[in-house]
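S.K.: Next come the chains, spelled out residue by residue.
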Amino acid sequence: MNGRKIAIWANYVVLGVIGIIMAFPFLWMIFSSLKPAGEIISFPPTLFPANPTLENYAKAVSMIKVFRLYGNSFFITVTYTILTVFLNCILGYIFGKFNFKFKNIIFVVLLATLVVPKEVYVIPLYLLMDSFSLIDSFISVIIPFAFSAYGVFLVRQFVYGIPDELISAGRVDGCSETGIFFRIALPLMKPVISALLIYYFLYQWNDFLWPLVMLNSEKKFTIAIGLANFVGEHFSNYGVSLAGASFSILPVVIVFLIFQKHIISGLALTGLKG
Amino acid sequence: MSTQHRSRMKAKHKMTPLTLTKRKFLLCWLIPILAGFAVFRVWPLIYGFYISFFDWDILSKTHTFLGVTNYVKELTHPLFKVMLWNTSYFAFATTVLSLVVSLVIALMLNKTTRFKGFFRTLFYLPNMTSLIAVSIVWMWLYQPQYGLLNSILRQIGLPTISWLKSPDTAMISIVIMSVWRNIGFPIIVLLAGLQSIPQEYYEAAKVTGAKPSQVFFYITLPLMKPVILFVTVTSLMEGFKVFQQIYIMTGGGPLNSTTVFAYRIFQLGFAQLKFGRAASLAFILFGFVLVLTIIQLRIGRSKD
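So the protein sequences, as listed, match chains A and B.
According to the working numbering, the first sequence is numbered sequentially starting from 114.
According to the working numbering, the second sequence is numbered sequentially starting from 2.
Accuracy of the hints is not assured; some may be wrong.
With a Cα cut of at most 27 Å, we get these calculated BS3-like pairs of lysine-lysine [to be verified]: (1) K118/A with K117/B; (2) K117/B with K374/A; (3) K216/A with K25/B; (4) K303/A with K117/B; (5) K23/B with K216/A; (6) K25/B with K210/A; (7) K118/A with K212/B; (8) K212/B with K231/A; (9) K207/B with K118/A; (10) K374/A with K112/B; (11) K112/B with K118/A; (12) K231/A with K242/B; (13) K231/A with K23/B; (14) K303/A with K212/B; (15) K166/B with K374/A; (16) K333/A with K242/B; (17) K231/A with K74/B; (18) K275/B with K333/A; (19) K214/A with K23/B.
Honestly, the hints are just simulated from the structure, not real lab data.
All chains should be modelled from the sequences, with the hints used to inform the complete structure.
M.R.: What follows is the structure, given as structure tokens:
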């Protein structure tokens with residue numbers, strides 16, 4: 114049985130090496146960000162900072178206005194996520210439990226919108242927002258793409274599994290249709306909801322093209338755009354650039370570490386059903 | 002759910018008529034939401050298509066009808082072949098590399114009993130972080146004078162590479178970074194797919210004395226086909242739309258070696274303010290992606 118044991122150990126070792134390769138760029142980013150300006154460009158390069166300092170982070174806060182960018186990103190992302198997941202859920206519920214004219218055609222049209230690349234939307238949507246005088250506003254960043262059909266299919270699949278008896282029981286008890294949705298169906302949809310919440314949160318936090326096009330005032334920039342602008346001019350300020358990058362990664366890592374299980378199972382769900 | 006149960010449920014669906022309360026519910030929710038989709042998802046497509054036939058000047062608000070001039074100008078533009086090559090190269094290189102690497106890793110992970118969750122998390126981490134942060138980190142790694150990669154090469158005594166600064170190496174540098182970032186998702190999906198293969202198949206194979214390579218090619222791979230197809234199609238589609246890394250890391254250069262469709266669309270629209278031209282290129286891109294996806298799905302289906 115020794116050959117097998119060696120094979121199993123080798124498996125772990127290789128995985129460990131790959132793991133280090135995967136994690137290394139981020140570790141390098143953090144180590145570099147803690148080095149003073151002189152040490153960061155020294156040769157041969159040091160792995161751990163010899164004189165660790167937080168000056169890069171302090172400069173990131175003042176030069177890139179990280180906390181304001183955080184605020185903007187959080188507001189946009191959270192609002193978008195809640196709105197989009199809600200729309201997906203109620204739409205999926207309707208398509209799953211109701212019958213109406215043109216239902217199938219409408220569903221196909223909705224799914225078709227998923228195939229179209231965002232770039233095709235950006236130009237006309239920009240002009241549309243301009244006609245509403247909504248350029249450079251958070252609303253214009255959040256609303257258009259909140260109408261995303263991505264989760265509707267998943268929710269509908271899930272809703273098929275909700276027994277009709279539960280819903281009829283609600284009707285018999287005198288509950289309104291809207292009440293049935295909020296009080297009976299929605300609580301049952303928790304797995305799909307959590308998968309979608311995480312998916313849309315990550316999507317919007319990292320979104321770049323649309324906020325870039327829509328937002329003009331510096332004070333409204335998301336963290337992705339603020340960082341991109343800073344790096345465009347001041348990348349040679351390596352320590353601060355890397356500290357800024359660390360800032361942008363931090364919330365995501367925290368969210369991920371807390372919600373790991375949900376995230377992974379949610380992803381597997383979308384992959385297997387897709 | 003058994004087929005009996007499912008057909009019973011479907012029958013129940015068809016029997017329930019639209020009562021007044023149900024109509025009110027749909028009116029209250031479905032109609033406004035569909036209206037939203039119409040305004041923000043359907044109308045822009047029509048509008049965008051319309052614009053692509055004009056010289057759409059948004060400053061002077063004059064719109065000159067051009068027919069298909071925009072399309073012709075873009076398709077015959079000297080940059081078109083370059084963009085086509087760059088974008089295709091990026092999309093195919095990242096897809097193939099990601100698929101191979103993540104499949105290998107998923108197979109290895111499937112054999113582990115402990116730490117599976119830990120590794121899955123670790124490998125997925127780059128995928129979740131913002132692309133801008135990843136781009137900054139890799140621009141730093143690729144930095145010719147002070148970056149880690151060249152420093153290591155220098156220490157070993159090998160010649161340094163220009164990475165993002167040379168037309169020959171810029172695109173492949175971006176590919177490498179993108180593969181590093183992207184494999185997390187395929188790993189999770191492929192692993193889930195591998196884990197859904199019933200053990201009985203493998204045991205049956207053992208009984209018949211099949212070699213590991215035979216097991217892989219005749220059992221594992223065919224059963225994984227739908228998942229692999231899903232990963233490939235989505236990866237390719239995303240690859241054709243690549244924008245952020247190019248915008249931040251190379252700005253299309255050096256010497257247009259990294260100019261891709263999405264980048265030029267952005268340049269045309271928001272740097273040169275040629276909205277009509279940008280729209281036409283966007284639809285050309287859409288056409289490509291659509292054709293490619295259809296081809297892929299056909300290939301996937303025919304292999305059955």
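S.K.: Give a verdict on every hint.
M.R.: Okay, the hints, checked on the actual structure:
| no. | hint | result |
| --- | --- | --- |
| 1 | K118/A with K117/B | holds, 18 Å |
| 2 | K117/B with K374/A | holds, 12 Å |
| 3 | K216/A with K25/B | holds, 17 Å |
| 4 | K303/A with K117/B | holds, 25 Å |
| 5 | K23/B with K216/A | holds, 15 Å |
| 6 | K25/B with K210/A | holds, 15 Å |
| 7 | K118/A with K212/B | holds, 19 Å |
| 8 | K212/B with K231/A | violated, 47 Å |
| 9 | K207/B with K118/A | holds, 19 Å |
| 10 | K374/A with K112/B | holds, 20 Å |
| 11 | K112/B with K118/A | holds, 12 Å |
| 12 | K231/A with K242/B | holds, 8 Å |
| 13 | K231/A with K23/B | violated, 35 Å |
| 14 | K303/A with K212/B | violated, 44 Å |
| 15 | K166/B with K374/A | violated, 41 Å |
| 16 | K333/A with K242/B | holds, 26 Å |
| 17 | K231/A with K74/B | holds, 22 Å |
| 18 | K275/B with K333/A | holds, 26 Å |
| 19 | K214/A with K23/B | holds, 13 Å |
Against the hints set out earlier in the document, violations occur for numbers 8, 13, 14, 15.
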